[in-house]
Amino acid sequence: MPEDRKTPQLDELEKGPWPSFVTEMKRAAAKSPAAEELLGLLERSYEDKIGHWKHGGIVGVKGYGGGVIGRYTDLPEEFPHLKEFHTVRVNHPSGWFYTTDALRTLCDVWEKHGSGLTNFHGSTGDIIMLGTTTDQLQPTFDELSEAGFDLGGSGSALRTPSCCVGPARCEYACYDTLDMCNNITHEFQDELHRPAWPYKFKIKMSGCPNDCVAAIARADCAVIGTWRDTIIIDQEEVKAYAESGMNIQREVCDKCPTRALEFNAETKELTVIPEDCSHCMHCINVMPKAIRPGKDRGATILVGGKSTIVKSAFMSWVIVPFMKMEPPYTEFKDLIRRIWEWWDENAKTRERLGELIYRVGMGTFLREVGLPAVPQMIFRPRANPYVFWQEDEIKK
Amino acid sequence: MAKIDIGPPDYRNFLPPVIKENYGKWKYHELVRPGVLKHVAESGDELYTIRVGSPRLVSVDFIRNICDIADKYCKGYLRFTSRNNIEFLTDDAANVEPIIEACRALGLPVGGTGRSISNIVHTQGWIHCHTPASDASGIVKAVMDDLYEYFERDDLPGKLRIAMACCLNMCGAAHCSDIAIVGVHRTPPVLDHEIIRKGAEIPSLVACCPTGAIRPDPKNKSVAVKEDKCMYCGNCYTMSPGMQILDAKNDGLAIMVGGKVSNARSYPSFSRLVIPFLPNNPPRWPEVTEAVRNIVETWVKHARKGERLGEWIERIGWERFFTLTNIPFSDKCIDDYIFSRETFRTSAAFKY
Numbered sequence: 001m002p003e004d005r006k007t008p009q010l011d012e013l014e015k016g017p018w019p020s021f022v023t024e025m026k027r028a029a030a031k032s033p034a035a036e037e038l039l040g041l042l043e044r045s046y047e048d049k050i051g052h053w054k055h056g057g058i059v060g061v062k063g064y065g066g067g068v069i070g071r072y073t074d075l076p077e078e079f080p081h082l083k084e085f086h087t088v089r090v091n092h093p094s095g096w097f098y099t100t101d102a103l104r105t106l107c108d109v110w111e112k113h114g115s116g117l118t119n120f121h122g123s124t125g126d127i128i129m130l131g132t133t134t135d136q137l138q139p140t141f142d143e144l145s146e147a148g149f150d151l152g153g154s155g156s157a158l159r160t161p162s163c164c165v166g167p168a169r170c171e172y173a174c175y176d177t178l179d180m181c182n183n184i185t186h187e188f189q190d191e192l193h194r195p196a197w198p199y200k201f202k203i204k205m206s207g208c209p210n211d212c213v214a215a216i217a218r219a220d221c222a223v224i225g226t227w228r229d230t231i232i233i234d235q236e237e238v239k240a241y242a243e244s245g246m247n248i249q250r251e252v253c254d255k256c257p258t259r260a261l262e263f264n265a266e267t268k269e270l271t272v273i274p275e276d277c278s279h280c281m282h283c284i285n286v287m288p289k290a291i292r293p294g295k296d297r298g299a300t301i302l303v304g305g306k307s308t309i310v311k312s313a314f315m316s317w318v319i320v321p322f323m324k325m326e327p328p329y330t331e332f333k334d335l336i337r338r339i340w341e342w343w344d345e346n347a348k349t350r351e352r353l354g355e356l357i358y359r360v361g362m363g364t365f366l367r368e369v370g371l372p373a374v375p376q377m378i379f380r381p382r383a384n385p386y387v388f389w390q391e392d393e394i395k396k
Numbered sequence: 001m002a003k004i005d006i007g008p009p010d011y012r013n014f015l016p017p018v019i020k021e022n023y024g025k026w027k028y029h030e031l032v033r034p035g036v037l038k039h040v041a042e043s044g045d046e047l048y049t050i051r052v053g054s055p056r057l058v059s060v061d062f063i064r065n066i067c068d069i070a071d072k073y074c075k076g077y078l079r080f081t082s083r084n085n086i087e088f089l090t091d092d093a094a095n096v097e098p099i100i101e102a103c104r105a106l107g108l109p110v111g112g113t114g115r116s117i118s119n120i121v122h123t124q125g126w127i128h129c130h131t132p133a134s135d136a137s138g139i140v141k142a143v144m145d146d147l148y149e150y151f152e153r154d155d156l157p158g159k160l161r162i163a164m165a166c167c168l169n170m171c172g173a174a175h176c177s178d179i180a181i182v183g184v185h186r187t188p189p190v191l192d193h194e195i196i197r198k199g200a201e202i203p204s205l206v207a208c209c210p211t212g213a214i215r216p217d218p219k220n221k222s223v224a225v226k227e228d229k230c231m232y233c234g235n236c237y238t239m240s241p242g243m244q245i246l247d248a249k250n251d252g253l254a255i256m257v258g259g260k261v262s263n264a265r266s267y268p269s270f271s272r273l274v275i276p277f278l279p280n281n282p283p284r285w286p287e288v289t290e291a292v293r294n295i296v297e298t299w300v301k302h303a304r305k306g307e308r309l310g311e312w313i314e315r316i317g318w319e320r321f322f323t324l325t326n327i328p329f330s331d332k333c334i335d336d337y338i339f340s341r342e343t344f345r346t347s348a349a350f351k352y
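Sequence order for the protein chains is A and B.
Counting from 1, position 15 in the first sequence corresponds to residue 15 in the working numbering; the numbering is continuous, with no gaps.
Counting from 1, position 8 in the second sequence corresponds to residue 8 in the working numbering; the numbering is continuous, with no gaps.
Mixed in with the good hints there might be a few duds.
As a list, the in silico DSSO-like pairs of lysine-lysine whose alpha-carbon atoms are at most 30 Å apart [claimed, not checked]:
| hint | chain 1 | residue 1 | chain 2 | residue 2 |
| --- | --- | --- | --- | --- |
| 1 | B | K198 | A | K83 |
| 2 | B | K159 | B | K351 |
| 3 | A | K200 | B | K351 |
| 4 | B | K301 | A | K311 |
It should be emphasised that the hints constitute simulated quantities derived from the structure, not laboratory data.
Let the hints inform the model, and build the full structure from the sequences given.
Spelled out as structure tokens, the structure:
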């Protein structure tokens, strides 16, 4: 780092107990002039209270329409190494599992061709390699590809799918989220790498209704594991929880949203009214040794989730209450292709799937993609009689 | 030429042996202590997970440091969580303490499990984004320094998930978090007609405005903004750099609370705006850290065991929330956008 670079505000963020990103920037700065200048640029933002990055231009690597985010500073004279400072999105492995060999290879590639700064990980799930020049993009990609890695999604394309830890380390997983994530990512490489849609599309997979990847909030299509039959209760373990001092009535039964559980304080037996259970996970979360999801397992498919821009935040809503989720996931792939075709045909530019369905109506959506309407799709029916009747439903 | 469309590497090659052998056959888990999970398989095999906080924006040398720990104690395997934590995985209980010690030596906190505050998911901010109303990494660092103790303990009423988004694009599910810190703009775009004329597609620019505030201006071969209709979302700025939305004097942060994504007990829910604006005050954003701490401490003091922030507020009522936290309520907390009606109290039952 040049002796004259002063970053008093950023230095302040090296203090305190939480690990400091400024310290990390300085470690990268010791080896990379671009990372060194990034400290200066960020300090300037802290002084000016404004960002110093321009809109991205079109940059990329051969054969791809996305995966690289062009980034240029608006202060190129002062920070010449940040004139071009592009992001490379690298598709992470399912569940964010790595060997140290793979990680060290990624580090070596990025130290050689980029700033040495990374995000583990970006919000969508990709490995983010933060900052390189246009001429280093192709060599970076070539070495990544050689090491067995590929680019993630960007722009109006399928974005890198992601999933929870699933059956690798969770007894709640109702389907194999890692396999499905890996399978569909490989199936939809063209949709991922060559943006051709009205806007972005995200798919996220959670193994149970705890939804540890926040699929319902941020995926256009959320695949959330569930079961159709009854929770399985181990009465011996229930007794053990009771004897260990857990107040099962208060902590489990009283918090059951549908009051489907009854605890007999004398016999210390817990019983469920199967048809009243809404499969929310609360009792299982509190007593993981004593209660397990049922055996008839699959997933609920929900669509429409997105954040605030433009027409408010949407949470995904149910379109298929239960689907078996087993390789090769044909039923899911057929459905998602029908949805994409309809969305691509009908959406305006920058209109997410949820916004399109909201604009034209769920009835239209269900008819167009061929799904039956079922009560599980709604909290409650409409409170008005303004029904759009179809032609064949009206007497001529 | 390099191969294209090879897709991500196969995760199966990255799973530690104990996971490969017990894949899909985990029986139950226990919270051993804050930051340490123990999973037990049907086979009786045990897996210990040590969860460790990370600043997310890290150098390659940081990654090499954590690889050293994984090589020494975890047979060369590790993983990351959806909240940017690092997880060291070992089948040997004797490795747990040495891993914790090795993390402490690197200055990395162990925690974030169970009823704790886990790592903050966040966006790029001034580091690398073109539309931010604030920085992200700096605020996250300041807030986590301030709430550090809550990462390392797991005796809160429930889990608490904080997210930070530096603009309304909210890359990262900030809108369904227990506490969301969100960068906001407060002034209409300043137009650079030269840039708009040269680069913008006028019909798309007009159509992109959710409130219809942007009109074509054929005389200028540009657009005009009806400023009283603009709610500063910045969607137009994403469409054209000629619609400058960044405003150093007026950009800042809003605080939203009570959201969640889990289906457990209550439905997934959106975070709700309780503080419409706090100033950008780098490097430590004291107004933000103080506001977050106040909300956290009020919840810890008043909530019942098992209640997440939003569940506690829904039980006591939002009117009580504003009283208990001393957060001033104003008309800015009342929705006047598309889905406002469902937030109005259509009932005569409430508290004082």
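We went through each hint and held it up to the structure:
1. B:K198 / A:K83: holds (22 Å)
2. B:K159 / B:K351: At roughly 27 Å apart (the allowed maximum being 30 Å), K351 (chain B) and K159 (chain B) satisfy the hint.
3. A:K200 / B:K351: violated (44 Å)
4. B:K301 / A:K311: violated (36 Å)
Hint compliance for this structure: hints 3 and 4 are not met, and every other hint is.
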